[in-house]
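S.K.: The primary structure of each chain is shown beneath.
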Amino acid sequence: MIWDALIEPFAQFGFMRRAMLGCVAIAVGATPVGVFLMLRRMSLTGDAMAHAILPGAAVGFLISGLSLGAMTIGGLIAGMLVALASGFVSRMTALKEDASLAAFYLISLALGVLIVSTRGSNVDLMHVLFGTVLALDNAALILLCSIASLSILTLAILFRPLVLECADPQFLRSVSKLSAVTHLTFLCLVVMNLVAGFHALGTLMAVGIMILPAAGARFWAVGIGGLLGLAMLIAIASSIIGLLLSYHYSLPSGPAIILVAGIVYALSVIFGPVGGLISQNLPRQRTAN
Amino acid sequence: MTALAFRNLTLGYDALPAVKQLDTQISEGSLTAIVGPNGAGKSTLLKGVTGVLSPIEGQIELNGFVRDDIAYLPQGSDIDRSFPITVTDLVAMGLWREIGSFGWLTRGHRARIDEAIAAVGLTGLGKRAIGSLSGGQMQRALFARLLLQDARLVLLDEPFTAIDARTMADLLQVIANWHAEGRTVVAVLHDFETVKDHFPQTLMLARELVDHGPTTRVMTSENQMRARQMCEACEAAPHICGKSAA
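Chains as they are written, first to last, in my numbering: chain A, 1 to 289; chain B, 1001 to 1246.
Treat the hints with caution; some may be incorrect.
[As the list claims (entries may be wrong)] Taking beta-carbon pairs under 8 Å as the criterion, some of the chain B residues facing chain A (in silico):
(1) T1050
(2) V1052
(3) D1164
Derived by calculation from the structure, the hints in this document are not laboratory data.
Where is the CB? At the ideal position from N, CA and C, for every residue including glycine.
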């Protein structure tokens, strides 16, 4: 029974194993980036950048069809452009960052859908918007694993300045010149991981696997180390459970994965001991202070 | 010997001077309070010394100092209190210049972190998340971080805002220790009694220099009145005020 439900789909079908490997790679690479996005209060930036990847990937699609390389490069360029442009607009004009991000991602989404529609079919559009986690080929898997490895390595190198940049940016600027480098490298990591997520989960869902596990873990872990580890575990578990649900109940796999992560998040909001609804309203907590 | 020299210094934002044509110097090993009305350019002056702000005109000479010799506690530090780090982690940041991005915390480093935490009266709170600290405890933790920076020049911007009297007394003792060790300490302060009781030197600023010297000479009611009038005159016509300096 348990074998049939949990193991057999992966044991029997190569596409399920590939999907699992792809999702684990994304979870390992993207979730720590998502934790820092959340801690820097940049979750919306991540969302805007995920949408921004669409027109870039769409231009790649326009030039070379469903080509992994062209869509990856297009996505990377577009993501970085929007990240820098929205920062520029909010710094140089009266518009606040949230409004400038919203403007950019709405324009990006419309532009991306328009470009894909002019050349491709509705199937192509669905592929770009929601990904094809069950159809990851070798090249895509190598790309996802490479991005995850590069991402983890870069985060390990940048870890200390990144923590400082998040917790006390003024202090980092006063003791080191790494502030700008850290910020830019971090933006590159966000875009890179969103592009990886885009191949499996599509532009609309890619940011979900980044932010939801991070937001859920925030209600359980106190320290940054625990937060990173737990978020990664939630992302991997959500991926595997989501894939199994999609297999057994014929659900679209990307949304199933994100919804499982969403359920974990919702349960964490209610039951999480670190600032969750129940713990916040316990009388013991109030009298302790 | 001079630690800091301001030479015809004009500092400001968008070419509008907040400090105008300042010409004075701060001696090495001195304990100096910078006082003046709101908008007098006190915080701007400290930002200039740290290098965050470049002079519009004139220069700041750091005699024998490099930027690494400076520790700076900004006003209302923009620390994200919800960030999941402990007091020990926060204090350990003070070792940045020794360990940088990759250096390990040795046993010796850990002992120094514990000593710094104890020196500011936070013994036993090292494992507490910074979000759970009171305002006074947070300021103590920031002073512990300054202790670890082991800087020759310490710049403090309104370090006693919104903290209790006991914390203030303890932190004043830390400052007195720095002074006794021969470090140069410059603090922006509002409370004149604190300045008179604990700071031998005072630099009174009202965008321009009002007076600089021994506190007993500088902190007169005439100087305070003059400083207020100078600031009000500038606030009434900031553009004219700016142009006259440039």
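S.K.: None of the hints should be skipped; say for each whether it holds.
M.R.: Results for each hint:
1. T1050: holds, 6 Å
2. V1052: Constraint on V1052 of chain B satisfied, holds at 7 Å.
3. D1164: violated, 16 Å
Checked against the numbered hints listed earlier, the structure breaks hint 3 alone; every other hint is satisfied.
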